[in-house]
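Colleague: So you can see what is in the structure, the chains are spelled out below.
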Amino acid sequence: MDISIIIFLLGGLFLGWSLGANDAANVFGTAVGTKMVRFKTAAIVCSIFVILGAIISGAGTTETLGKLGAINALPGAFAACVAAGLSVYLMTKAGLPVSTTQAIVGAIVGWNLYTGSATNVKVLITILGTWVLCPVIAGLIAMGFFTLTKSFFSKRRLHILRLDAYTRTALLLAGAFGAYSLGANNIANVMGVFVPISPFTDISISNFFVFSSKEQLFLLGGIAIAVGVFTYSKRVMFTVGNDLLKMSPVAAFIVVVSHSIVLFLFASQGISNFLQSINLPSIPLVPVSSSQAVVGAIIGIGLLKGGKEVKWSVAGKITIGWFTLPIIAALISMFLLFILSNIFNLSVFI
Amino acid sequence: MFGLKSSSLFSDTKKLEREIDEFVDILSEVGLVFKSIVPTYLNHSANGKFDEMVEKVKDMESKADKITKEVEHTLYEETLIPDARSDVLRLLEHMDELIGMYQGNCYHFSIQKPNFPKEFHQDLIELTETVVSCVEALCLTVRSFFRDIKTVRDNGHKVTFYEKESDIKFSALARRIFDSELPLDQKMHLRYFVEKIDRICDQAEDIADEIQIYAIKRTV
Numbered sequence: 057m058d059i060s061i062i063i064f065l066l067g068g069l070f071l072g073w074s075l076g077a078n079d080a081a082n083v084f085g086t087a088v089g090t091k092m093v094r095f096k097t098a099a100i101v102c103s104i105f106v107i108l109g110a111i112i113s114g115a116g117t118t119e120t121l122g123k124l125g126a127i128n129a130l131p132g133a134f135a136a137c138v139a140a141g142l143s144v145y146l147m148t149k150a151g152l153p154v155s156t157t158q159a160i161v162g163a164i165v166g167w168n169l170y171t172g173s174a175t176n177v178k179v180l181i182t183i184l185g186t187w188v189l190c191p192v193i194a195g196l197i198a199m200g201f202f203t204l205t206k207s208f209f210s211k212r213r214l215h216i217l218r219l220d221a222y223t224r225t226a227l228l229l230a231g232a233f234g235a236y237s238l239g240a241n242n243i244a245n246v247m248g249v250f251v252p253i254s255p256f257t258d259i260s261i262s263n264f265f266v267f268s269s270k271e272q273l274f275l276l277g278g279i280a281i282a283v284g285v286f287t288y289s290k291r292v293m294f295t296v297g298n299d300l301l302k303m304s305p306v307a308a309f310i311v312v313v314s315h316s317i318v319l320f321l322f323a324s325q326g327i328s329n330f331l332q333s334i335n336l337p338s339i340p341l342v343p344v345s346s347s348q349a350v351v352g353a354i355i356g357i358g359l360l361k362g363g364k365e366v367k368w369s370v371a372g373k374i375t376i377g378w379f380t381l382p383i384i385a386a387l388i389s390m391f392l393l394f395i396l397s398n399i400f401n402l403s404v405f406i
Numbered sequence: 153m154f155g156l157k158s159s160s161l162f163s164d165t166k167k168l169e170r171e172i173d174e175f176v177d178i179l180s181e182v183g184l185v186f187k188s189i190v191p192t193y194l195n196h197s198a199n200g201k202f203d204e205m206v207e208k209v210k211d212m213e214s215k216a217d218k219i220t221k222e223v224e225h226t227l228y229e230e231t232l233i234p235d236a237r238s239d240v241l242r243l244l245e246h247m248d249e250l251i252g253m254y255q256g257n258c259y260h261f262s263i264q265k266p267n268f269p270k271e272f273h274q275d276l277i278e279l280t281e282t283v284v285s286c287v288e289a290l291c292l293t294v295r296s297f298f299r300d301i302k303t304v305r306d307n308g309h310k311v312t313f314y315e316k317e318s319d320i321k322f323s324a325l326a327r328r329i330f331d332s333e334l335p336l337d338q339k340m341h342l343r344y345f346v347e348k349i350d351r352i353c354d355q356a357e358d359i360a361d362e363i364q365i366y367a368i369k370r371t372v
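Read top to bottom, the protein sequences are chains A and B. Just so we're aligned: 209 in the working numbering is position 153 of the first sequence, and the numbers increase by one with no gaps anywhere. Just so we're aligned: 309 in the working numbering is position 157 of the second sequence, and the numbers increase by one with no gaps anywhere.
To be clear, the hints were calculated from the coordinates, so they are not data collected in a lab. Quick caveat, the model's predicted, so the values are computed rather than measured. One should not assume that every hint holds.
Calculated cross-link-like contacts (lysine-lysine; reagent style PhoX-like; alpha-carbon spacing at most 20 Å) [what the hints assert, rightly or not]:
hint, chain 1, residue 1, chain 2, residue 2
1, B, LYS302, A, LYS361
2, A, LYS361, B, LYS369
3, A, LYS206, A, LYS361
4, B, LYS348, B, LYS187
5, A, LYS211, B, LYS348
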């Protein structure tokens, strides 16, 4: 493989690493931060399930991103990834709970604008709609779960220690589901732009099992996310567990499950097909923000508790992020594309 | 897995549940023994049966101490209930102090042999019964905290009720003692015992208040 290909792929891998470092905390942050689950256990489970989610269910969201703009040259994909990574870094520094999802969409639109390719407005509107829907649905699911859990506990009279043991198990299972959903939903952000120009070829094992080039890319992206989880997520998890989310382990479980369901809903081809088969509107398969799903779920629980604990400023920051991050990512993307094509004489589109 | 061997998670949990239940049983039983000790002392003075009962309280106190240490060790070693661990341990320590107060009262009766005239016997027995009822209500509050958080408030309210009853009985008895013709040194001596018994209720009420705060923290 050409060394330049590896260098260009590094842009995506960097994005994967930062996703693992930051978003794993949404899945296991409270469990690890409150010492309900050991970091090592969380990291292993998270890595395995992120990779599985990416390979098994990552295709749907990738296809949607592809429809938004099919970047057709490796340097172009590299610029988009770096632009997304940089803009996420800048916005995180500014204290906004943003996501790679919004950044990569902005970066792709930036590529479209720079190269004069058409942006599929219908797809763009669908994507923007899901960003708003994501925290709202997460909040509604969390409210439903919270009510159910409360009534379950009031009927079951579990001993505090028994509850602790169940909660640990539940947090681990919810974390595994969350990691799977994260991999399925967000792998598109990491590797989506490379799919149309994948440098890999399909590997067939005695015509029985085919490991497609797309799956190889997703495996690579999944591994990058896993490396992010192992190398950098510990600190973020402890921050999330101890500072941001002051909530009981049971409430944390509800947040993780709600977040995971939302990510899974927006990534599951099966559910989408099923809804279509019974004449219901299908769910668009769109990469959504893990962090914003978590914040949505927390706000949902906060509202049920009377709304006093709801930090509306965080909700406001999310809204700001929806607009500013894609714009910044698009601008950085265009700037990088300009540099790559004019200074390095690289072809950023075909 | 889970911060401890997964196979031992549920067995450790069950063992701890048993130990905590046993601890609360001991507190309740010590109270019941104490309820018999006072009339035994008053009616037969410090005879063999009284000493036997004091010895029983001492054994139960040692057992409670052992359980506290074991629970403390397991909770920290296995990082169980990280969110409520310090509350649970403080609760056990304070309940252990309550058992210690019962034991202290027994020893004081045994060593100092206060001379309660017959006219105060019934009042002292009633005060003791109220104190033990107060601790019984506390035991229910503790069990509620561990198993049925919704009933913590109701049981905690009973503790407060008995504490107030105990205060009334203590004041009445102390007043009667000081209104009597007994020499001042004896009055002081008897007041000391009455006050010491009443203090058990104060401690029980403090613990019940603590539990109500812990319960608020524990709501989902």
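Colleague: Each of the hints needs a verdict: does it hold here or not?
Modeller: Status of the hints after comparison with the structure:
Among the hinted pairs, LYS302(B) with LYS361(A) is consistent with the structure: their alpha-carbon atoms are about 16 Å apart, no more than 20 Å. At roughly 13 Å between alpha-carbon atoms, LYS361(A) and LYS369(B) fall within 20 Å of each other, so this suggested pair holds. Between LYS206(A) and LYS361(A), the direct Cα distance comes to roughly 12 Å. Compliance with the 20 Å bound is thereby established for this hinted pair. For a cut-off of 20 Å, the pair hint linking LYS348(B) to LYS187(B) stands: about 14 Å separates their Cα positions.
Of the supplied pair hints, the one linking LYS211(A) and LYS348(B) is violated, its CA atoms being roughly 41 Å apart against a limit of 20 Å.
Checked against the numbered hints above, the structure violates only hint 5.
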